[in-house]
Amino acid sequence: MIPVKAIALAAALALPTLAAAQDAKDAVEARHGFMKMLGINMGQLAGMAKGEIAYDEAAATLAAANIVALTQYDAPALFVEGTSSEDMPESEALPAIWENPDDFRASFVALREAAAGSPDAVKGGQGNLGPVLQKLGGACKNCHDDYRKDD
Amino acid sequence: MAGGAAHRERIWDPALRVFHWTLAVLVIANWLLGKIGPSDMTLHFWLGYGVIALLVFRLVWGFVGPATARFTRFVRGPRAVVSYAREMIHPHPTYWPGHSPVGALAVVAMLGVLALQVTTGLFADPDDYINVGPLASTVSSETSRMALRWHNRGADLILILVLLHWAVILFYRLWKREDLVRPMIDGWKWVRRR
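So the protein lines, in turn, are chains Z and A.
Reminder that position 48 of the first sequence reads as 48 in my numbering, one-by-one numbering, no gaps.
Position in the second sequence (from 1) plus 1000 gives the number in my numbering.
With the rest of the complex left out, here is chain A (with noise of 0.2 Å):
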């Protein structure tokens, strides 16, 4: 493998870390509060407000954040997906200095999924005078009936996303021996430059 040794360096900055675990928080606050949270969702919408708030931030971080926090950094192409793909199947750390393309991927996944799931929250009408979407009366009923629809599904594909997260994590950790939660709380991480 090219490039030089490994050695320790601050890859991830306190907003960024401290964006991480908020939104770990609420995100299965608010999924569990969805399925068996009481009738009354006020404490729902709010968290989902905090979501909001928080992927804004993301989306603002990712263009004037430091340099592993960007979009352009770390969103790759094909052939450096498929590239890091081969590498990564092997029983060794990568010592990658951020999010890896392959990372990316679930980045931009994980975000867009949440973004789907706020934007549905706030149009959705389950029809019980209570918990309905504050933005649900600008649109027909048809639609915030969709939204409701889409929500739900939502909600299944941010359990596959976050399993699939923790999944990756412990093969990191067990198969490859490299720890990437550690970094996600102190910010320091093995890495290589190549």
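Just chain Z, with the same shape it has in the complex (with noise of 0.2 Å):
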């Protein structure tokens, strides 16, 4: 065989490879930036309930629809395939995700549920951010615990 028939063919052959190895990377760099979107919004939140930040009540609820909107993207779907600790150093999804798909899958519906109504709730004062935290961090803690490396 001639050699840039042979380099061509090797190309060709590794050409799905390298655009797997692609999505893997996109896939885990928008994890990464879907959770620290949910972080800042949920900063926002913890700050104003301890007294960091001054309660605002526009500012608190819009923080609140933000979380709100996140939630309801297919977070779940961005967990592809070959993307968990074991696989890339830079990831933090514990293969326990691929294994218990399902339940991995109603952590987050849990966290969009724990979310819904917070635009609301979180109005009327300082006070109302407390038990909006708890529902929110709560869900953040579960899926944590379970399927998020060392912790």
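Quick caveat, the hints were computed from the structure, so don't treat them as lab data.
Hints are not guaranteed to be accurate.
Stated by the list, open to error - Facing chain A, from chain Z, some residues (calculated, C-beta under 10 Å): (1) A49; (2) C140; (3) D145.
Unchecked claim - Covered by chain A, per the in silico footprint, the following chain Z stretches (three or more residues, Cβ under 8 Å): (4) 36-43; (5) 126-138.
Please read these numbers as outputs of a predicted model, since none were measured by experiment.
For every residue, glycine included, the Cβ atom is placed at its ideal position computed from N, Cα and C.
Could you use the hints to bring the two separately framed chains together as a complex?
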């Protein structure tokens, strides 16, 4: 076989693998961005609840609405095969996700349900933030406990 | 064996006994709260602060408390540890008046691991915005993440130490026919000076 042809063939064979690797990287980056956005809005609510940020009804409502919007996104779909913490160093997603896909999805639905109604629930004063945060944070924790690496 | 006849002596003072049983209750309760407790970990935090207070007391008591409580009295060198370990395997009581040289290692390990556990707990951040350690915001997110990791591993270490503690107590009770639990309740133990 002519070397050039061999190289072309090797490249052609490798292309799907390269594409898959790029897909995997994109998925992990998207996940991290997704969590970051959740975190920024959770941080806003938590900061106001603790009094580190002055309570602002409009800002609290907006942060809660952002969380609702984020939980409408189908985030579990970003957890594609081959992107666990054992496949990629930058991933913190435990292989348990792929062993219990239904439960993992249910954990995300639980966050969506915790977020439902929160834009209205945070209105009316700083004291109303606590119960909302407990629900949202509890959903974060439950999923992190089972499916996030080392915690 | 050298030494006179065994006699009963009050080796554990009341404060040390209260310390021991309070610590036992708090550690077991907090271990369970950490593993299977509610997602709101407020109680876990408060019990943790209780453990800090107990550890501070024990540290102070180890310097100013009665003789059997003092670190300088019961923490011994390798020769004493090996010598006691040889004697320990025999099926009869050692009548030791306090923490034995081998037991001292367990005491130091337990206090050390618990000190690490409360420290990592103060700095841990599980990214749930409700159970964040009170000092987590004073360090970088990498550090608070590492604190969380070591807090989780620390729970396993504590489990191992507690199970070892219970196993050795059973070993003394069944093999050596020496009761170590009763003295920690009423303070009195059969001892022999040597």
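Each hint tested on the structure:
Below 10 Å, beta-carbon pairs count as interface contacts, and A49/Z has one with chain A at about 9 Å; its hint therefore holds. At a threshold of 10 Å, the smallest CB-CB gap from C140/Z to chain A is about 4 Å, leaving the interface hint in force. Annotation: interface hint on D145/Z holds; nearest CB of chain A at approximately 8 Å, less than 10 Å. Coverage of the segment 36-43 of chain Z by chain A holds [criterion: at least 3 residues with CB-CB distance below 8 Å; count 3].
Closer than 8 Å: that is the beta-carbon criterion, and the segment 126-138 of chain Z has 5 residues meeting it against chain A, so the requirement of 3 holds.
Checked against the numbered hints given earlier, the structure satisfies every one of them.
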